[in-house]
Each structure stands twice: as structure tokens, then as C-alpha cells.
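K.L.:
Please build the complete structure, drawing on both the sequences and the hints.
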Amino acid sequence: MKLVDIELTSPTETIERLEEYDALRALIRLHGVPIAWVRMPVTDGRCEATALRQAVLDRHQWVIIMHLLRDTLGASRPTEVSLTALLGVPHPTFSAPFPSVTVAVCTRDRAADLAQCLEALTALDYDPLEVLVVDNAPKTDATARLVADQFPHFRYVREPRPGLDWARNRAILEARGEIIAYTDDDVIVDRGWVRAIAALFAEHPDAMAVTGLVVPYELETEAQILFERYGGFGRGFERKWYRVDSRAGQKTAKLHGGSGKFGTGANMAYRRILFDRIGGFDPALDIGTVTNGGGDLEMFFRVLKEGHALVYEPAALVRHRHRREYAQLRTQLTNNGIGFYSHLVRSALAYPDERGGFIRLGVWWFWWWSLRRLLISFRHPSSFPRDLILAELWGSLVGLSRYRKAHRRAADIDAAFGPPERVTVSEVSVSS
Numbered sequence: 012m013k014l015v016d017i018e019l020t021s022p023t024e025t026i027e028r029l030e031e032y033d034a035l036r037a038l039i040r041l042h043g044v045p046i047a048w049v050r051m052p053v054t055d056g057r058c059e060a061t062a063l064r065q066a067v068l069d070r071h072q073w074v075i076i077m078h079l080l081r082d083t084l085g086a087s088r089p090t091e092v093s094l095t096a097l098l099g100v101p102h103p104t105f106s107a108p109f110p111s112v113t114v115a116v117c118t119r120d121r122a123a124d125l126a127q128c129l130e131a132l133t134a135l136d137y138d139p140l141e142v143l144v145v146d147n148a149p150k151t152d153a154t155a156r157l158v159a160d161q162f163p164h165f166r167y168v169r170e171p172r173p174g175l176d177w178a179r180n181r182a183i184l185e186a187r188g189e190i191i192a193y194t195d196d197d198v199i200v201d202r203g204w205v206r207a208i209a210a211l212f213a214e215h216p217d218a219m220a221v222t223g224l225v226v227p228y229e230l231e232t233e234a235q236i237l238f239e240r241y242g243g244f245g246r247g248f249e250r251k252w253y254r255v256d257s258r259a260g261q262k263t264a265k266l267h268g269g270s271g272k273f274g275t276g277a278n279m280a281y282r283r284i285l286f287d288r289i290g291g292f293d294p295a296l297d298i299g300t301v302t303n304g305g306g307d308l309e310m311f312f313r314v315l316k317e318g319h320a321l322v323y324e325p326a327a328l329v330r331h332r333h334r335r336e337y338a339q340l341r342t343q344l345t346n347n348g349i350g351f352y353s354h355l356v357r358s359a360l361a362y363p364d365e366r367g368g369f370i371r372l373g374v375w376w377f378w379w380w381s382l383r384r385l386l387i388s389f390r391h392p393s394s395f396p397r398d399l400i401l402a403e404l405w406g407s408l409v410g411l412s413r414y415r416k417a418h419r420r421a422a423d424i425d426a427a428f429g430p431p432e433r434v435t436v437s438e439v440s441v442s443s
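Converting from the sequence shown to the numbering used here requires adding 11 to each position, the first position being numbered 1.
Honestly, the hints are just simulated from the structure, not real lab data.
Do not take every clue at face value.
Said to hold, decoys possible - Dumping the calculated DSS-like pairs for lysine-lysine here, alpha-carbon to alpha-carbon at most 27 Å: (1) 251 to 265; (2) 150 to 416; (3) 262 to 251; (4) 262 to 272; (5) 272 to 251.
P.N.:
What follows is the structure, given as C-alpha cells:
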């Protein structure tokens, strides 16, 4: 499936040389802002411009109209009501000073992937900007040499403690920007990614965390297409605000315990001062530990639990390179189950008042997402591969016991490396 971008303010062109593809999937953008997907058939190795543009208008006309009307209402001059005139209205811009931003890329022994990521970061349309490469317990000096030789204008920092959340916490210590924007080494950021994040923080002082839209970089293999069918990382094209009113008796676990709906660690940003208030990432979670994930989910939950606002901003766009091999996808889904249930256990331990909500969420999710889909797979074998459903189901069961082990291991690592440069993580009581 060929992936392309279509900007509606530019002429739509016929897309050719598609003989190797079954379909075309276009990310529709208006004034650079992603607003929708359109899937089109490929005929004789091409997709005609007229058919593509007509499909966009037929399927997403109201989304386009609402976007243009918002721009018109925000314009400083009246505009005649016609499609041509509306398309000519500039997208509103925020004129107040923007915050300084540190982009943190946490990586471990993946220099080839990292090179593509850093190349995209060089094209970012933003200033003042700092790019920080955090090399997590590397086995070789390949990453250090890559940064020194090809990206000397980026900062390189080595974090010897193994684990993604140790690397994220090192970024908090090292960052010079008011905003820390995290991405992964298997991500290609959009040129306007940081600007979209910074604009939201500048315009909304009460926003403390921002997540963004993650779309696939390519859909060239069965595994990549299956991951999109599974749900992918995308969370829609509408900006969404999240906040919990604890004074009104709202419970965070009941409303937002399944914090994967906010996005993913491949595209998240925080005000740096937030970590002074709620602590850093829990090093017992995520890649490099036996939990294999959950560090981003736990932080999203904690932001809301501690009374702060989190915003999903689809204009902050990045592209993720999905696993190309089926076996890699199966491992990823297993780890998704482990990481999610490790997050539930950790958060239930940290917040006893939310424990009942997390237990109910864990039971409901196991039934609705895993067992229900497994039963459907017997009636409709083509709905989704059963072995992938079983992989995540098994991971969910395993995840119930992983956090305590990882917590003890994180404490051992902390003791071995000593207290200097330590980021305080909100305390969790874990019985042995």
C-alpha cells in the first residue's frame, strides 16, 4: 500500500508508477495540518488526480469546511464565502513568544535507524531548538561516532543505566529547553512537528503534556499492514483535551486508566517544570526491563492523576517505521500486553485510591480486547490472525507479575550506579 501526502491548497497531481501496489493511502492535509485518510484503488499502475480529489471531497467535505470556517473566523479581514476564497485564507498563527524546546531521542545500539531519525530532525522548522541524543547503555561506540561525524550540531549524552526510562530521565536532567519533546529512533518527524507542539504550549499555559499524531512511514509488508489493522498508533485528527476534576469526585483510573488512547512515547512532550512536581519516568517500566513497555502510559496517567492537563494535538505529526517482519510484530504485541498490565499494576500500587478502578479496567480489557477477539477469530478466521491475538493475551497475563521484579531490578541499578544525577521518581510501595 503506497503512502502519500496530499496538501489541499496545492494542485492535486496524478500519482504514477504504482505497479507494485494494490492500493494508495493518502494523508490529507490542509494548510499543513493532517485532517483525514483517504484510501484509493490503483488502476493500471496509477491513481488519477480527479478521482483522488473527488474522493477527498465526497468523504471529508465537512471536515474541510469546518477547518476553513475556523480559519475564516480567526482571520483579521472578512472573506467572501466560496471554496476558492476560503482556501486562500491563511491558517491562524500565534504571535506570542514561543518556548525553547529540547528534542530528546533515546536510543540503544541502532545507529542505522538513528541516522534516518536525526536526518529528519535537521529539517525541523523551529528555533530555539536543541536536539539531545541519549545513548542508553551502549555496547559499542557506533552511536557516539554517528553523532560526532554526521550530526555534530546535536548533543550526545551517554546514560549507563540500562532501560528506556533511565534514558528519558537523563534527558530531563540534561535538557536546556522549557519543553522536552520525546521521539524514538525508528521515527521520522514531520518538519512542522516541534512548531505544532510549541504553539500549543505557548497558546495554552495550563497544558503540561502534549501527545501527537503517529502515522505509518510505510506499509510495504503484511506485518506493517496488520499492525495498522490492529489499531496502529494513530489517535485521530481532532485535538482533544484531558483533565480530571478530583474535587468533583472523578476517578482517574475509571476515566483514563487505559492511557494508550492518548498516544505513544514516540511522540510526546512535557513542560520541563512538570517533572519537578510529579517526578520522572519510572525506570522499572519500558524497553530494557522485563516489563518491555508502559513507561509512557504510566506518565500520561500520572500527569492527569496529579491534576494537570494533557492535550492530544494531531498537528504534531511523526511517522513511525512499523516492524517489517511478522515475527517482530508478534513479539511487539506480546510486549504491548506485558507493558500495559505492568502499567496497571504500577499505578494501582502507587495510588491505592484508584486500585479498584484499575482492577476493573484490567478485567474488562482482558475480556473485551483479548478474549472477545479470540472468540471472534474462531467464527471469522480472516478477521485478524489468531496467533497475534494469543500473543497479546499471553503478554497480558505475564505482565501481571513483571512490575515487582522490574522494580527490584531498578533499585539494584540505582544502588550500583549511585545517587548523583538522580531524578526522583514518585514513590511506589512494592512488597517483596
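K.L.:
Evaluate each hint against the coordinates.
P.N.:
Verification of the hints:
no.	hint	result
1	251 to 265	holds (18 Å)
2	150 to 416	holds (24 Å)
3	262 to 251	holds (19 Å)
4	262 to 272	holds (17 Å)
5	272 to 251	holds (11 Å)
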